[in-house]
Every structure is written in structure tokens, then in C-alpha cells.
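Engineer: Take a look at the letters that make up each chain.
4 protein chains.
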Amino acid sequence: MKKKISLLLIAAFAMFAADAAVPHPIVLPDIDGYKTLKGDMHIHTVFSDGTVWPTTRVEEAVMEGLDVIAITDHVDTRLQKYTNKGLFRCDRNESYRIAAAAGKAADVLVIHGGEISRGMPPGHWNALFIDDNDAIAAAAEKYDDNHVKAMRAGLKEARRQGAFTVWNHPHWERQAQNETRWYDEHTHLYDEGYMHGIEIYNGFCGYSPEAHRWAIDHGCALISGTDTHKPLFLNIDYANGMHRPVTLIFAKERTLEGVREALDSRRTAVLADEHVYGSEELIGELFSALFEVSDIKYSEKKVTFKVVNRSSVPLFLSKAPGSEQVVFPRDMIVRPFECMTMTIYGLDNKKPIGLDSFDVNFYVNNFLTEPDKPLVHSIHFAFP
Amino acid sequence: MKKKISLLLIAAFAMFAADAAVPHPIVLPDIDGYKTLKGDMHIHTVFSDGTVWPTTRVEEAVMEGLDVIAITDHVDTRLQKYTNKGLFRCDRNESYRIAAAAGKAADVLVIHGGEISRGMPPGHWNALFIDDNDAIAAAAEKYDDNHVKAMRAGLKEARRQGAFTVWNHPHWERQAQNETRWYDEHTHLYDEGYMHGIEIYNGFCGYSPEAHRWAIDHGCALISGTDTHKPLFLNIDYANGMHRPVTLIFAKERTLEGVREALDSRRTAVLADEHVYGSEELIGELFSALFEVSDIKYSEKKVTFKVVNRSSVPLFLSKAPGSEQVVFPRDMIVRPFECMTMTIYGLDNKKPIGLDSFDVNFYVNNFLTEPDKPLVHSIHFAFP
Amino acid sequence: MKKKISLLLIAAFAMFAADAAVPHPIVLPDIDGYKTLKGDMHIHTVFSDGTVWPTTRVEEAVMEGLDVIAITDHVDTRLQKYTNKGLFRCDRNESYRIAAAAGKAADVLVIHGGEISRGMPPGHWNALFIDDNDAIAAAAEKYDDNHVKAMRAGLKEARRQGAFTVWNHPHWERQAQNETRWYDEHTHLYDEGYMHGIEIYNGFCGYSPEAHRWAIDHGCALISGTDTHKPLFLNIDYANGMHRPVTLIFAKERTLEGVREALDSRRTAVLADEHVYGSEELIGELFSALFEVSDIKYSEKKVTFKVVNRSSVPLFLSKAPGSEQVVFPRDMIVRPFECMTMTIYGLDNKKPIGLDSFDVNFYVNNFLTEPDKPLVHSIHFAFP
Amino acid sequence: MKKKISLLLIAAFAMFAADAAVPHPIVLPDIDGYKTLKGDMHIHTVFSDGTVWPTTRVEEAVMEGLDVIAITDHVDTRLQKYTNKGLFRCDRNESYRIAAAAGKAADVLVIHGGEISRGMPPGHWNALFIDDNDAIAAAAEKYDDNHVKAMRAGLKEARRQGAFTVWNHPHWERQAQNETRWYDEHTHLYDEGYMHGIEIYNGFCGYSPEAHRWAIDHGCALISGTDTHKPLFLNIDYANGMHRPVTLIFAKERTLEGVREALDSRRTAVLADEHVYGSEELIGELFSALFEVSDIKYSEKKVTFKVVNRSSVPLFLSKAPGSEQVVFPRDMIVRPFECMTMTIYGLDNKKPIGLDSFDVNFYVNNFLTEPDKPLVHSIHFAFP
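Residue numbers (this note's numbering), protein chains in the order written: chain A, 1 to 384; chain W, 1 to 384; chain F, 1 to 384; chain R, 1 to 384.
There's no promise every hint is true.
Treat identical chains as interchangeable: a pair holds within one or across any two.
Straight-line distance between alpha carbons at most 25 angstroms, and here's what the computed SDA-like set of lysine to any residue pairs gives [claimed, not checked]: (1) Lys-306 / Asp-107; (2) Lys-156 / Glu-94; (3) Lys-301 / Asp-49; (4) Lys-373 / Trp-214; (5) Lys-35 / Asp-273; (6) Lys-297 / Arg-174; (7) Lys-306 / Asp-295; (8) Lys-306 / Tyr-345; (9) Lys-302 / Leu-355; (10) Lys-149 / Pro-209; (11) Lys-252 / Val-27; (12) Lys-81 / Thr-55; (13) Lys-104 / Phe-291; (14) Lys-373 / Ala-320; (15) Lys-301 / His-74; (16) Lys-373 / Ser-323; (17) Lys-301 / Asp-107; (18) Lys-373 / Asp-273; (19) Lys-297 / Met-342; (20) Lys-306 / Thr-255; (21) Lys-142 / Asp-348; (22) Lys-81 / Arg-97.
The set of hints was computed from the structure by calculation and includes no laboratory data.
Just so we're clear, the structure is a prediction, and the values are computed from it rather than from any experiment.
Construct the entire structure; sequences and hints are all you get.
Structural biologist: Structure, rendered in C-alpha cells:
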């Protein structure tokens, strides 16, 4: 009898012995000719005003299946609070160095970056693929009371180092209280060749249709950054299937060089809060790769087929013009990894379809090729 | 040593011994003077063409914390497949009887209903609070080839029984392929006093702005129904925090009489796919009850306060006109049960607020008082 | 401005347009020479005393990634309640026929089965791979007051049809109140060649160490069945990562013939409530296939390596004898799909390991080769 | 038509605007006369070798509903890496000060603590309710090569400050490779009055039956600590309902004084990995408070009643001696917040119960009053 009791006893096991978390991966297929890399281009650590050690940023990247992260600590601030008081001495590249070492072990690419923060205009800018944040800080600090001159000097030094530079969160309410503005200074910085990318989605400010429009019109890369300061879990509701926003980078190879080439070639898109923003070409190919149609069966009264969503992104579909002769759901959700059977009927439900071929056209309402303009996807059916 | 091993052994326990599931409750506060009841007004079982026994519908209601469900089996179909072949004999009220007995034990109110399904116009209609589906079916069946006459006869018999009748899914693609239409017959049925409610959200067809508009313009109750045929879990992604759509019924008491009085008085709203649809008065009060503001702290440079979302509904907020003099996030999500601290700044981030009092106005983008018209909520602040 | 508001509006989409649920797959690798099929060998539907239509059982199987299910409705009961009153007429193979048609469309193998339920002894038995439940019921019903004779007759008829027969839940408290007993009748049925398998885990009764022991000692297949009557979601907490219990079938091919051959060859194991029960050979191979070790790095003071759990089953590990010269966690959990880095030290934390080679031995506490006896797994390390 | 499209557009909202995460609360009722406080008594930050800023520890506490946390940074280590090189200057109480300020704003009690880490014996010890870690470090550092003398000196200084001192993780594999040992030095420290508590569960090492036994035999408080160094989310699988281990403190009031009084009076228990460890009196009362029985219905053939689990802890129950005359499930799980109906039968399923009164006795297999000894709970039934 004693034996029976002991059999039923359950031991409490050590929960922390492992070094990493259960994965919550962001899943997307590659597209023709390119790998679909997932990156976070805007990240802080305890070395500026963030609240986690740089190694944590790599562990978080592993958890969500990211390929690349940029460490973009402010070239000012927190440990700097101690620094300012002379309590801490360390250069501005330490967080990158620590993250890069951890990234190497965990197979996460780490971009050396930094954020230059000034009043508006010009606001905040990220410099990616740099060598030395101390030199950038030094260049900018010469003009402490002049935001414009400070930023120009910082960006100039960043360019000297070969940086890819990004205008961050043009829509941040602290610098764009009631509307998102493009100032003359932005024309200047664009004309000078500094505006390689624009952050159209930022963790704190969300999506900006204005920034999206500007990026398209100026040929800038679409960039997303969490701008995360805290552990991501305190902001992202993973338990309910949410994910951090990411920049999608369509790269020829999964290396830092591959990332840089893709950024320079503007092959990026943004996935944020269940939305994808990008050019019709890129996100159209992405949608085609993740939305799998199979098992088409034709009969006189209906056509059935299977659909699988090969991604962690839910798809919000609705009927688009050009399919008026056939009947299918006017709106529907295809959830992550969902496999379902769809049916196409002829008009009035009872009539035979009576067509040799037809198109099923639908809006993918959460894939936006421009502000307010959803991707249209078509499936062509031809009776055998 | 043997003892130590046995200590670490974990036994596999029986998972099915219990009679009900872990709860996934839909949580909403009551409003002033009324209880906020959650109901599903459109439900099928195996007794028509559904795939679950009526008791399951009560267990599902318990799992999500519903107060009331309507059993609305078609007054035709599945076991009827057997019936038609003479293999099954049972009246059309059996599913209600079985559900009502289970509801009594589980404290879930069960409405005796039925669905009359015909071609468009008039389409499908639900009769709630009826006595006998056999009589309704018999009345309608007299006009088998005439949808209009059949429905009129069915609704007339339902009225004789004291029914509350609802036009179901005017936007169902099988009957409204490319647009949602109001036919002359609907004017007739409305004029005859049959259109007490309109289903503006249906599990299969989603939300219809047209139906929403018609319900407002004709003084009909806003109704939502899952129209569920399968076990709900096969359609609702509970593991990621989703819930079934529900009709919110603001009732004086939690009884069938209370539900009927609220329906007759048009005190309903719809909660579906994280959206709430209803009159400014009702959903405004609901929002005020669930959005709790506390701990306001005034200083010269900023005002901080706590916000708690006392519901299972995420809130999608964005800045609305009338608060241009102060700075706060231009858009944000307050997730279910989230507690957060918000900060209001003066303009340009560094200036003191410099106002004796001000309003924080925001759109609640997922609370719609009309199609395309979000609720506006204000918080008034006055420096002490 | 109006445009901006409408942009922020979010529409509620149809949640039920799809035909199947978001997957919650049970994931296990194949082993050398065999596919690891997942099956549920004990399932009821509305055609006996269950509460769902047979098609639902196939949809649930798809959701969890099952390969095979057995429809084992009682050869008596619910629609039978109607049947007994003469209200329903249909043979006892209808639920199988409906499920088999749905299984064909969804690529789920469906076994034609039935459950013969009598008092103890002999209790309840499942007959799998039969042709006609009516004949089995008829054979058993001749001896209505004699459980022993009724079961013998039923099993005899099942054998005539070529059945694989299983003693269900020997530990069901309604028939084994305070202890699990093997009666003389079970010796008789075993000797007569009827006891091909024993249900060592049942959804309602959990795991039985006695049944496990008897199955081992008598060379019977280890079988698990949910014995599910309701929709599975009402019993299984999928939102917290739980799964239904399954019989693991190591088959040469994914066909009904392959399943039968594996059952006949006793190549089965049981996965239930995060435990795996099976022979050392089979579950040892399964563990080796799912527990991936890579990236071993040797240094004087420590050895590090990566571990990945390639399954949806958490692993509860603790140090076993034979590794006293090296230091590693005395107990730990490796969660589903978790990837982690482990470190082995020499004794006393600071000493070099000082060994040419060594073994890391650990108990897999939730993989049981016998009652109370966990699997032992070894990783061999040899300094280069 | 354009309008309709824009209606369906969904905007991506800002996910980071909020200051705290969706709650994953640990829920337990109070017991008679005491509040059930949840505490984590062992926590590191970036100020020693942790990877998060002290404020994060308060945010994590809020997320799980903890009442009290102890900041117990090593009185050596990480920023100390910089410190040792003369790069960082700051006293050893800075992490407490930062956490305490955040705790005050968030209503989380923060204990000033520190960890003294030495070789075994004596191993690692926590000092709680201290004033100055610098003085403790200084006292210990005098004996850098002598673990015993260093610890004695550190604990002596901690006592001078009024500390409550705890022996941490006696079973840590790095200091207790193959068995958990009590050294003579522990007898000495116990005799000197330093061993107020023993950590019987530690995040990295799990549960120690030896430590549990020693704590009981020596009248020490049962203590649990995560020993967390990283953000908790990287170790705890919240998405699947897991929680961090906590010390349960049965306090007269929710203040630091109340916590200290409860520790001094040994009114603690441990909740870790779904297990509760504590005295029969305390965890018996806790179980009675969370396991609610209602709606008892007596009939001749069966007794039914409702059971609700008013906690976030699953309950693993199995039949215990003393209830042989009645039939109920021999083992079962009652999941967090689950509400279920149970049925008691007479023997042999068909007989009337035939008793005036009876007890339902069961083991609560995951509530352990001693190592290997589960709590027994009884429900008394008396026919009216």
C-alpha cells in the first residue's frame, strides 16, 4: 500500500536548469531566390536606458526565431546616469560586443548600431553597421544646443563608418503630438543621402501611414523596430499568440553581408501586430509562398479545395472584384497553420457554376502594399 | 536508492474524470441599473444538422461564462435525414427539452427557439421564445415552393406563440453573393412587425455594416449568433484568447423574463471578434464600467494615472480631437485585464502643461456606435 | 481626418468560415524502421452514449495530428434510448461508416470497432477491426443475465470477424472499487486467446500499474484509449499544452494493414498525461530519436553541448548511477521543442574533468519501461 | 466601394505603449486568520550577475501577483566584473534601493537582502531584512581562503543587522554532486542560531526531500527561491500555465513587518512546479480554503456534489483508505479554477449506498506535509 502511494507522488522538478525558453517562433516561408530573414532593427540594453543585459536580447531573438538583431543603444544614457556622475567607465560599443559574442554562440546575427536622439527636427535616427559609437557621440555632442547640427554631424560620422541610417518613429507623440510631419530638415537629410530607411512601425507608436507613404515615395527601406527597453515579455502577449514586430529582410544569404545587401537593395517589408507592409512584388510573393492551395476537386455544382496557412500570421481575407459569378465567403480568417477546406458555388447557391474557368479574387486585408491598399490575390480555376 | 527513484516517479492521472472544462470566461462588468448578460442567440445541435448533442451546448456556455443560449435548430434537417427516411421519430422540440434540463442543472438560461430557412428573400429567420416548432414547421411547409409565403406563415405562427423574431445573416454569401440587399419583402415583414432583431454578426459571415445600419434605422435589436453547428472549439481559437461572438443583453434580472424584457426594449449590443457594436449610451456605459482610472498624480511637467481594463476585451485606443494641448500616445492597445500607468505631458515634451484642466479624448476603435463610427471617451483632469 | 479614423477602424471577421481548427499537434519522431503512428483506440459518438457526431471525431484527430482512430461505440445505448422506444432505426455500424467517409477525405485512418460492456468479471472489452457490430451484439445479447457467457459469445463472434480484442480499463472504479483485480475469468479469456491488448491508460481512470504489469507479463499490446464521450475540448486543457492520451503504434506503413500488423506484433506504447509507457527497446529508440545532442565542445574544465527536444512531450530527467565522477543537474525539465545548452563539470566545481571519456547517465522519469521503472539514457563523451 | 475596403482595413496598433504585461497571476485564497502572501525570497539583478535591472523584478512580481520579493544580489559579482577592474563604483545596496522605489509605486513589498556565496561547507546563504550589504561583504572578505570563517563572519554581521538567514539550495549539484549532505558546519551554524530557514526548492535545483526533512526536524522555515538571474520568462513557460516557485507566507498583515513576523513564526509553505510543501496544519487549511464543495444532493443510489478549485494550482487527487464502502474515481485532476460535478456510488455500482453517513477520503498527491507524505483530505457526508 505504501508503495502505491509513493507511485502516485509527483516530484517538483527544477524549472531553471535549462538555458533558454520554450520557443514562440515567428514562422514565414522563403520566397523565390531569397531567404526571408526576420530582424529587429531597434533594440536597447542596460548599457543605455534599457533594463536587460545584452545577452538577453540574443536569448529573446532565439525564442522568437529571429535571424538578426541590431543593438542600437542611445549614444547617451542609464549606466550613463552612473557614467555622468563618474561612477561607470566603459565605451559605447560594449553592449554590441557582449551581444555579438552571445549571438555567435547562438547563431543570431548581431548588427553594430547606435541611436542618435535629438529634438524634432530631425528627431531620432539609427545608424546600423557602424564601427564606433564613441566617435558618433563625440561628433554629435559638439552641437549640444542645436539638434539639426548635432544630427548632421552624427550622421556624417556614421556615414564615414559606412552606416545604413534610418529615421526612427516619425510619429512618436512626444515629438509629433497631433500630426506626423515631414520637416524641411528631412528633405535636407534625404537629399544628402542619409535617409536609407524609415521606421514605419515602432513598438511604442505603432504603425504610421504617413511614414509608410514617405518611405514608398522616397525609395527608402521599410523598417520596423521594437525600440524595446524592457524584457520583451513585459510588452508582448506571447501566451495569446502575439509576437514582436519585425523587419522582414529578403536576403541572398543569411549573413550580415546578406542583410546589408538586402537593406541597400530595399528588399524589406514589415510584419507588425498581424500586419505585413511591403511592395506588391515582395509581399505578393510572400503570400503566395505561405498560402498553399491543393486538392482541387471540380464538380458541376461546386469546386472544393484545401488551403493551408504555412505561417504564424493570421490571414484576413475578403472577396474582391472580378469574382462576381461565383460564390465564396465574403470575409474570413485563416489562422496560423490552419488547414481548411473551401467550397466555391455557382450563383444563387443551386445553379451549376457553368463556367469553363474563373478566378477567385480576394483582398488580403492585413497585407498592405500602400497605406489603405490591401494586397489582392487570385486563384485561377479551370475545369478539366 | 530505490526510494529516491520512486520519489521522482510521476504518475499519469486521469484527465477525463471531471465533468467540465477549464473555464475560458468572457468577462464584462454590469452597467448602472442592468446586468450585462452574455448570450448566444443562434445555435444548432445534432437534432437538426449540427454535430453535438444539446447538453454540449450548455457545457460550452458554462466554459465561456454565458448566461443564456437559444437552441435554434432548423425546423427541417440531420437526424431529419433519418427522419425523412422514416428511421427516426421525434418532435422538433426535443433538442430544446434536453438543453433546458441541462441548463437548469448548470444555471444557464435556455431559450426555446427555432430557425426557419428559406431562399432569399426572405432568407433565414430565428424565432425565439416559442412553444412548439412542429406547429411552425407545419405552417411553413404548406408553401414549399414559395419562400415568401412559407416564411410569412411560419412567422405568423411564431407570433401566435409570442415569439421574438430575428432576420439572420442578411449578408450570407450563399444568399447575398456580392452585396447585402434589403428586399421589398423585408419592408413588408418589418411593416408587419416581424423584424424585432437583426443578426449583424454571424459566426460564418462575420460583421455586416449594412445590417448594422438597418438595425439602427429600424429600431431593431442588435443580435449576434454563432450559428454554430460543430463543437465550438473547432471554430474558436481559445488557446490564443479568442472567444465566440455574443449578444450582450442589458437586463434588469438574470431570468428568461429579464432577457425577453431587454430584447423587447432593444437593450442589446454585440461583442464579436474583439469588437463591440451598440448604441452610444449602452456601450459608452459599458466602456466606462470596464475602463478604470485611478491614482491620478499631478505635477507641473506631467500627469500620471493608472488604467485597468476590467474585461476580457482588448481595447484599441487612439487620440481624438479636443486634446491637442496635451501629449499622450497616439494609439495603443490595453489588453484584457491589463493594468498600466499612463503619462500626459505638455506640448513639445519639455514644457509644463500650464493648464488648469484639460480633457484626454480618445477613440475606442473597437467599440462602434454605428458602422465606421468609433466611441469617443473622455477623461477630465483638473489640477488640484 | 475622416479618412484617418476609418483607417484605424478594425473590422470583425467571420470566425467560422473555416472547416477545421487551429492545430494542437502531438509531435513525435519516427524510429528506425517504423513510423510512429498516433492512435486513439477507444472512442464514442452520439450513436451510442457519446455527444458528438462521428465526423467530429475525425476533425478532432486532425487537430491533434492523429493518424488513426477506432470508433468503438457500445453495441447497446443513447440513440439506442430512442431505439429502445422504437423511435430510431439504424444498424450498429452507422457511426463507423460516417467516420470512415470523413476519415478518407481527411487522411485519417478509421478502425471499425465496437465495445462490449458487461459486469465484472469480465468487464468491458473492445473489438477492433470487425465487420458487423450487429452480429456481435446479437451473440452477446443471448445471455443477458450472465456477464461471463455474454462476453464469451461476443468475443467469439468478434474473433470470427477477425478482431483484435482489448480488455478495457481493468481499474475503472465502478467495477474495481478499491483495487484492480485479475479474475479467473481473465485467465480463461487470456488462455482462449482473446486478450490481445490491455488498456493501461484510460481517460476516465488514468494509468493502472497493475494493468501495465499484466500486459507485460502476458505479452499483450499496451493500449490507451480516451474513452471519450464528449467533445475532447471539454476534457483536455489544450490551452495549457495538454493533449489527449494516445496509443503509439510503430508501424511499417501508415495504413490500416500497417496498424494491424503492428498491433499483432505488439509494437505499441502509450503516451498519456506527459508519460510514455512501453518496452525498453521501443521507447528507448523513441527517446533517442527525439532527444538530440549536438555541438559538443570539450575543454579542460567543462564540456558543453546542445540538447533539443524534438517532441511535444516534456522530459523529466534526473541523474542516474554511473556518472558520479562528473557534475550535471541532478534533476531538470526539457520542455516541448526546447533547445538548451548543458554543461558538464568535474567534481567539486573547480577541478578539471581529468577523464578520457565518461558517460552522462540519467533517468527519463516520465518514460516507464515497467511500473515504477524509468528508462535510463546514456550519452557517451570522449575527449578528442 | 472604396469605403467598404477601408472599413475592412485593420491598423497595426502600438504594442509597447503600456507599462506592464498582461497578468499571469498565481491565485490562492487566504486562510483563517492569515493572509496568504506570495513571495520570492531569492532574486538577482544586473547589479550582481543577473541580467535585468532591479525595476524588472518588480514588474515581474506584478505580472504574477506576488506580494513580496527579496533582492538578494551576491555580495560579490557582474557589474562587479566592471567594479573589480575599477570601471564601476556603487555600493552593494543600490539594487535594493532601485527595486524598493519601484516596489513602493507598484505596491510590491521589497526585502533588503544579500547572498553570501562560499564553497561547501557551508555553501550559499541568504540574509534577509538587512541594512547594509557592504558591511556583510567586508566581514566575509576578511577570510578569503576560508569558506567556514568567511561565512561565520558574514552571518554574524548579518545578525548584527537583525537578519533572517537562510541556507540556500543544499542540493545544488555544483556543491552536492551526487548526494545532498548536512555537514558538521551546518550543525554548528544551526546551533549558533543562524539557520532560520532552508531553501527546499530552488529554481535551478528543484525540490530537495533531504532539505525538506531537515527543515521540519530543525524547526526552520520552508523557503523557496527562484534564484532567478535572467528575465523570468526565459525560464518559466507562462504560455502553458506554468508559474515561478514561491514561498507562501501566512501573515497577519500585508506589510514587511507582517512578513517578518510570519517568517519568525515559521508560518511558511512552498508552492513550486504545481506542488505545495508545508505543515499539515497550514497546507491543510489552505486546501480547505481553495477546494470548495457545494450543492450536495443525496439520493438512494448516489450522492452528487459540485467541486470548485479556487486556485491556480492543479489538484492531483487519489482515493485514500477509509472510504472503501463507497465508489468514486480512484485518481483525478482538478485543474485551476475548474468547476465539476462528482458522483459517489454504492459498491458494485448498482447497490444503494445504504449508509447513514460516510467519508470521502483522498490524498492530495501534490500537497506534501513531509517528503513522500501527501495531505489527506476528508469530506463528510450524512444523509438528511
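Engineer: Which numbered hints does this structure break?
Structural biologist: The structure conflicts with hint 10 only, although it agrees with all the remaining ones.
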